[in-house]
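If you want the building blocks of each chain, they are given just below.
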Amino acid sequence: MATTLNTSYNVKDANVSLTIIIGDGQFGSSAVLLDSEKKTNGHNITNYPLGSGSSLDGKTLRIVTIVSDTNPSTTNMDVTYQFKGGVADQNFSLSDAVASQGDALTFDASFVFHKV
Amino acid sequence: MNNERNKLLGLLLAILLAGISENTVGQSAGRASNGVGDTLDAFRTPTSPAFVLFGIEPTSVERPTTPRAVAVSLLSSGLANGVIPNNYAIEFSPYWLTSHPDLTYDKYVNATADEQLIQSLSISFATSKSQSAPDSGTDMGAGLRFQVSPPGKSSKLPKLEQDLENVSNAMLDHLGDKKALDSLESKRKDLTLQMQNEQKNRGVVLEFAAALAGHFPQNDLNNGRITHTGLWLTLSYKPEGTMLEFLGVGRLLWNNGVGGDGNYLDAGARVLYENDPILVSGEFVERTVYNTTIAQQSSNTTIGVITFSSTYRASLLIDYKIDNNTSLEYSFGHNFTQVTGINNLISQLGIKFGFGG
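First to last, the sequence lines map onto chains P and C. In terms of my numbering, the first sequence has 19 at position 19, counting the first letter as 1, and numbering is strictly consecutive. In terms of my numbering, the second sequence has 1060 at position 60, counting the first letter as 1, and numbering is strictly consecutive.
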């Protein structure tokens, strides 16, 4: 069962970048798909260039993140998606907690780009 | 074959040690019975200092993980309404009661000493119906604990991180394939637990704990007094790639005239060598027993007198693991004099059995 988010992000003509922050000292890895086409994956996705706002208009960005409970001090998990280059820089976040030590959670977030 | 050889070696060692021991097998039970002849481990920084100072092991300890859960626990205990509960124990880490969305894995494993202090701080609190006093009072204890170590992480972590990233990426590539995901999940969990364990291996670790315990006759908060104070300091160092571990321990225990134990200042050190199936440990603990008394010298002169006496414990321990559930343990040395009187020789042979699992 995944923790999900479905929302939109308003863009201009400028280039848009994405940073994924996995919080609470936990370790995770993400796959980034634009209209089902895999763009990148990995643990560290910082200022990843998604393309110009014009090219993104109407497309859906899906980010699937598997977070493992590597932090022995907490079972909390947070994933923050930072978008830059759109109408306004914007953060979106998802939070959850695993039931027991060492478990993992899947965070599944989808963003539709709208050019304004 | 190897198992049989280990059992035979263990038996031979048992016979050899039994020959030079003054005690017989099975007498080691007296070692920890009075709480004073314990090995150095007894003086290490306790996980829950409030409970240790009390000398209690609560059957049920509440460990809330959110501020709301802390509030609910305190309210249901009655403490928030000024009622002292008879048997109540709570332990929590303030830092981890809330989420930390900006605390990435890399920041966490490379935390500075002050960040570690805040992250590792835990608070324990317990109440218990008084066992020793003639009234129907309650004992209460509160303690805190934290640890710090130099910034940096175990050299094994980068490989584990890479492996976990690879497994996670493989899972992301097979999101709709339940069979493949099930197969990868066991690897993922194994790596995750290894990383949890490896994060505790930071080389030099300094642990500190402090606790206060008090007695409240007739459950009256205004009529209580502090009965025990404890301070613990543990410094441990396990060099990577070696089978050695070094441990330094300091403990200050003030009993405020309660009980016959007096006040202790313990300082000790241990060197441990572990090369399966043999474990050899040498330790030394210096104990200063001190007592303070107030004497009226004349009508307008009062003097305070502090008396000190000291003793030590030095011992060598050899532990031979016969199999996963059985080990043979022999210790030899000098125990604290005031506890054992003239007979302060330690010479004990014991067999430890593990059950289950």
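Keep in mind that a hint or two might mislead.
One side only, chain C facing chain P, incomplete, derived with CB under 8 angstroms [said to hold, decoys possible]:
| # | residue |
| --- | --- |
| 1 | I1084 |
| 2 | N1086 |
| 3 | S1093 |
| 4 | H1100 |
| 5 | D1102 |
| 6 | Q1116 |
| 7 | M1171 |
| 8 | L1172 |
| 9 | H1174 |
| 10 | G1176 |
| 11 | R1188 |
| 12 | K1189 |
| 13 | T1192 |
| 14 | M1195 |
| 15 | L1233 |
| 16 | Y1237 |
Derived BS3-like pairs (lysine-lysine); straight-line CA-CA distance at most 27 angstroms [claimed, not checked]:
| # | chain 1 | residue 1 | chain 2 | residue 2 |
| --- | --- | --- | --- | --- |
| 17 | P | K38 | C | K1153 |
| 18 | C | K1178 | P | K39 |
| 19 | C | K1107 | C | K1153 |
| 20 | C | K1187 | P | K39 |
| 21 | C | K1159 | P | K39 |
No lab work stands behind these hints: they were computed from the structure. Every residue gets a Cβ at the ideal spot worked out from N, C-alpha and C, and that includes glycine.
**Prompt:** Which numbered hints are broken by the structure, listed smallest first?
**Reply:** 1, 2, 6, 9, 10, 15, 16, 17
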